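Undergrad: Each chain, written out:
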Amino acid sequence: MNAAIVERLGAVTAGIVVAVVSFYSLYKDWHATGVENNVFKLMLFLLGVGAILALLAGLTVIGYAG
Amino acid sequence: MAVAALPHDAHGEVDQLYLETRELRLQGFLLFLISDCVLFSSFIFAYLYMRNSGQGWPPPGIHRLDVAFAAWNSVVLFGSGATMHYALENFKHGHWMRYMWFLLATIVLGVGFLGGQGYEYTHLIYGEHVTWAGSGIFGASFFTLTGMHGFHVFIGVCYLTTLVLQSAAGVYTRGKYFGITAGTLYWHFVDVIWVVLFSIFYLI
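From first to last, the protein sequence lines stand for chains D and L.
Okay, so the first sequence: first residue is 1 according to the working numbering, each after it adds one.
Okay, so the second sequence: first residue is 1001 according to the working numbering, each after it adds one.
Think of the hints as simulated: they come from the structure by calculation, not from any bench.
Here the structure is a predicted model, which means the values were calculated and not measured.
Glycine included, C-beta positions come from ideal geometry on N, C-alpha and C.
Don't take every hint at face value.
[Stated by the list, open to error] Listed below are the simulated DSSO-like cross-link pairs for lysine-lysine, each with C-alpha atoms no more than 30 Å apart in a straight line:
1) K1092/L x K41/D
2) K1176/L x K1092/L
3) K28/D x K1176/L
4) K28/D x K41/D
5) K1092/L x K28/D
6) K1176/L x K41/D
[What the hints assert, rightly or not] Label pairs and their calculated CB-CB ranges:
7) Q1166/L x K41/D: 23 to 29 Å
8) F45/D x S1035/L: 21 to 27 Å
9) I1044/L x V17/D: 26 to 32 Å
10) F1043/L x Y64/D: 18 to 24 Å
11) Y1126/L x K28/D: 23 to 29 Å
12) H1095/L x V17/D: 18 to 24 Å
13) I1137/L x W30/D: 40 to 46 Å
14) T1122/L x V17/D: 36 to 42 Å
Given only the sequences and the hints, what does the whole structure look like? Please build it.
TA: Below, the structure is given as structure tokens:
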């Protein structure tokens, strides 16, 4: 199997896992208050967005497909 | 605040100094992260400005970056953000062994990301002949920004390794763990910066 396909499969699989974990953690911590927790919520959201971007890049939906 | 929730030292006494300075430390650490954000932002906007004022991107003679590998390496780093979050959560809930395992997993993933970046650099420098000084704006901006980020990841790995050693030595307790909180904030910050770098170098 082509190395690029393996990398893309890894990116898609791990991207799904990381996105689910991030958004689930965000959901669980949603009602937490305080500066610290709000910063964590923002960062978890951005982490989930990053995982989705990597997942879409793995699927060649975004980014260079070569 | 209930007395039971207050941090105690080894003799069971409330650590007043910790309570009085915790908020200040948090604010100081957040200011540090914001200043780091400004540093990255200035480089990122300089890169975007130069990229949009040139004749096409990437410049003639340079191939596009390998998105497949970068996507894989990115989820390695993003995965480390998730494990770090769970490390902190487990520490807060008193699951010490789980905390240690998640912390170690974060370190391993962080080192894995650095290894991936090293592989990519090697491929670019020796395979594509793209260098920091010899490939114009593209090489200079790519190696400066990703190198600066990689340095932050390296510092983060050192920080987390220190946390492992300190935790094993019993430095942190359930009520007194600002070092772990700061480590988690820093690691998330490094992840978030990579979301931006991954987008601007590989996706657009």
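Undergrad: Do the beta carbons of T1122/L and V17/D sit within 36 to 42 Å of each other?
TA: violated (28 Å)
Undergrad: Given the hint that K1092/L pairs with K41/D, does the C-alpha gap stay at or below 30 Å?
TA: holds (16 Å)
Undergrad: Is K1092/L close enough to K28/D, meaning Cα to Cα at most 30 Å?
TA: It holds: about 15 Å lies between the C-alpha atoms, which stays within 30 Å.
Undergrad: For a C-alpha distance cap of 30 Å, please report whether K28/D and K1176/L respect it.
TA: Measuring from Cα to Cα gives roughly 23 Å; hence the hint holds.
Undergrad: Is the distance from the Cβ of F45/D to the Cβ of S1035/L consistent with 21 to 27 Å?
TA: holds (22 Å)
Undergrad: Quick one: are I1137/L and W30/D within 40 to 46 Å, going by C-beta?
TA: Roughly 43 Å apart at Cβ, these two residues keep to the hinted range, so it holds.
Undergrad: What's the verdict on K1176/L and K41/D, does the C-alpha distance respect the 30 Å limit or exceed it?
TA: Between K1176/L and K41/D the Cα gap is close to 21 Å, so the pair holds against 30 Å.
Undergrad: For the hint 23 to 29 Å, verify it against the beta carbon of Q1166/L and that of K41/D.
TA: holds (27 Å)
Undergrad: Is the straight-line distance between the alpha-carbon of K1176/L and that of K1092/L 30 Å or less?
TA: holds (10 Å)
Undergrad: Is the gap between the beta carbons of F1043/L and Y64/D within 18 to 24 Å?
TA: Holds, at about 22 Å.
Undergrad: For the pair we were handed, K28/D and K41/D, check the Cα-Cα distance against 30 Å.
TA: holds (10 Å)
Undergrad: For H1095/L and V17/D, compare the CB-CB distance with the range 18 to 24 Å and indicate the outcome.
TA: holds (21 Å)
Hints 11 and 14 from the list above are not met by this structure, while the remaining hints are.
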